[in-house]
Every structure is written in C-alpha cells, then in structure tokens.
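*Asks:* Each chain is listed here by its residues.
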Amino acid sequence: AQKVTQAQTEISVVEKEDVTLDCVYETRDTTYYLFWYKQPPSGELVFLIRRNSFDEQNEISGRYSWNFQKSTSSFNFTITASQVVDSAVYFCALRGLNRDDKIIFGKGTRLHILP
Amino acid sequence: DAMVIQNPRYQVTQFGKPVTLSCSQTLNHNVMYWYQQKSSQAPKLLFHYYDKDFNNEADTPDNFQSRRPNTSFCFLDIRSPGLGDAAMYLCATSITQGRAEAFFGQGTRLTVV
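In the order they appear, the protein sequences are chains S and C. For the first sequence, the residue numbers in my numbering are 1 to 115. For the second sequence, the residue numbers in my numbering are 1 to 113.
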C-alpha cells in the first residue's frame with residue numbers, strides 16, 4: 001500500500017526564518033513520482049515540484065529547495081528566508097507510474113509565517 | 001491565465017436539492033479528476049476520467065455522479081446533498097496518468113443549508 005506521512009500538522013515561524021517541512025512515504029513500487037503542492041487560503045492547489053524516484057539530485061528554485069533521500073523514503077521541503085506570503089497548507093504527494101495509479105496525498109502541514 | 005476553471009467558486013444549496021458543479025480546462029489534458037476536501041483534510045479522490053473512460057472510487061457514495069461531455073468539460077452532480085457533503089470540491093487535470101502532476105482549479109466551496 002502507498003502512504004504519505006506529514007508528521008508536522010502545523011508550524012509557525014517568524015518571517016525570514018528558514019523552515020523545513022517533512023514528508024515520509026511508503027510504496028512497494030520501484031519507480032514512482034513525488035510532488036509538493038501549496039494550498040493558500042484561496043483554496044487552489046498549486047503545483048510546486050515533481051521528482052521521479054530515479055533522480056535523487058536535490059533541487060533549488062529560488063527560496064525553495066527539496067531534499068529527496070530514497071534510503072530514508074523522505075522528500076523534505078525547505079523554504080529559506082520565509083515570507084508572509086508563504087503561509088499556506090503544503091501537501092506532499094506520491095504517485096505510481098501505472099495508468100490506474102492515483103495521487104496519494106499526505107494530510108498536509110499548515111505553515112504560518114508571522115510578521 | 002487560468003487553465004482549470006471551476007464554476008461557481010461558492011455554491012449554496014438546500015438539503016436534498018440537486019446541484020451541479022462545473023469544471024473546464026484549456027490544457028487539452030486526457031485526465032480529469034474530482035476531489036472532495038473537507039476542512040483541514042487532504043483531498044479525497046471521488047472519481048476520474050481518462051478520456052471518456054470513467055473510474056469511480058470504491059468508497060464514493062452513489063449520491064455523487066459525473067459527466068464528461070467532451071475533453072474540455074467535466075461536471076460533478078450531487079443528487080441529494082446532505083449536510084455532510086459540505087466541502088471544497090476540486091477539479092484537476094493531468095496530461096496522462098502515472099507520470100504527470102495534476103493541475104488544480106480554484107475549487108468550489110459547497111455549503112448545504
């Protein structure tokens with residue numbers, strides 16, 4: 001069975017601090033994709049990144065960075081120099097490569113950036 | 001420019017009165033999904049279409065139906081809304097299954113009174 005665990009339900013940090021959101025997953029598939037989505041108060045789920053299981057290279061995009069470690073089944077997301085606009089719920093998700101595979105979401109981490 | 005558009009953004013319906021939520025996409029994606037998201041929970045997949053092939057999740061209540069008349073449009077019909085059906089309903093698309101990320105609309109927040 002596939003599962004995504006985001007142990008941090010809610011995090012609050014002061015603006016400009018760095019913050020890491022944890023994601024641990026379980027799957028029996030040897031190849032799969034991992035995603036992060038951001039859900040601001042407006043409700044739309046905004047796609048942030050896709051990572052495939054055979055590419056463990058970490059990725060940086062501006063203030064965002066992702067650390068994929070297959071050995072520990074983790075795909076953590078770090079926001080550097082956080083801003084108030086980063087306040088949102090962040091979802092980690094997993095998907096297999098077969099046609100019928102669904103996107104499995106974690107329960108989300110609510111991030112509050114305090115001014 | 002919005003690529004997955006949901007209408008309306010907010011919908012209030014009476015208990016037991018049928019309601020239809022709509023979704024359109026300009027991405028020409030094969031797959032369209034409907035998710036239900038209740039407060040502080042992860043999105044829950046109700047069903048999806050791969051082209052015209054309809055796939056219903058095993059635990060989706062019969063009260064929920066869907067139609068996809070063409071590639072661009074997909075509808076969610078709730079035949080007899082109950083108070084427990086109040087939620088955010090999210091439509092999403094992806095170019096294919098298995099490899100691709102899904103792109104979501106802004107959602108329709110449904111209130112049942």
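These are computed hints drawn from the structure, not numbers from a lab. Ideal placement from N, C-alpha and C gives every residue a C-beta, glycine not left out. Check the hints yourself; a few may be wrong.
Here are the simulated DMTMM-like cross-link-like pairs (lysine to aspartate or glutamate), alpha carbons at most 25 Å apart as the crow flies [stated by the list, open to error]: (1) S:K102 with C:D85; (2) S:K38 with C:D62; (3) S:K102 with C:D77.
Reference excerpt, derived from the structure (chain C facing chain S, CB under 7 Å, subset only) [said to hold, decoys possible]: (4) N30; (5) V31; (6) F47; (7) D62; (8) G84; (9) A86; (10) A87; (11) M88; (12) G107.
Output of the computed footprint for chain C on chain S, the stretches with three or more beta carbons under 8 Å from beta carbons of chain C [as the list claims (entries may be wrong)]: (13) 37-45; (14) 101-108.
*Asks:* The structure should be examined with respect to each hint, and the outcome stated for every one.
*Replies:* Cross-check of the supplied hints:
1. S:K102 with C:D85: holds (22 Å)
2. S:K38 with C:D62: violated (31 Å)
3. S:K102 with C:D77: holds (22 Å)
4. N30: Hint violated; N30 of chain C Cβ to chain S Cβ min 10 Å, cut 7 Å.
5. V31: violated (9 Å)
6. F47: Hint on F47 of chain C: violated, closest Cβ of chain S at ~11 Å, above 7 Å.
7. D62: violated (20 Å)
8. G84: violated (19 Å)
9. A86: At about 14 Å, which exceeds the 7 Å cut-off, the nearest Cβ of chain S leaves the hint on A86 of chain C violated.
10. A87: Violated - the Cβ of A87 of chain C stays beyond 7 Å from chain S, reaching only about 11 Å at its closest.
11. M88: Result: holds, 6 Å to nearest chain S Cβ.
12. G107: holds (4 Å)
13. 37-45: holds (count 5)
14. 101-108: As far as the region 101-108 of chain S goes, the hint holds, because 7 residues have Cβ atoms under 8 Å from chain C.
In the structure shown, a violation is registered for the earlier hints numbered 2, 4, 5, 6, 7, 8, 9, 10, in ascending order.
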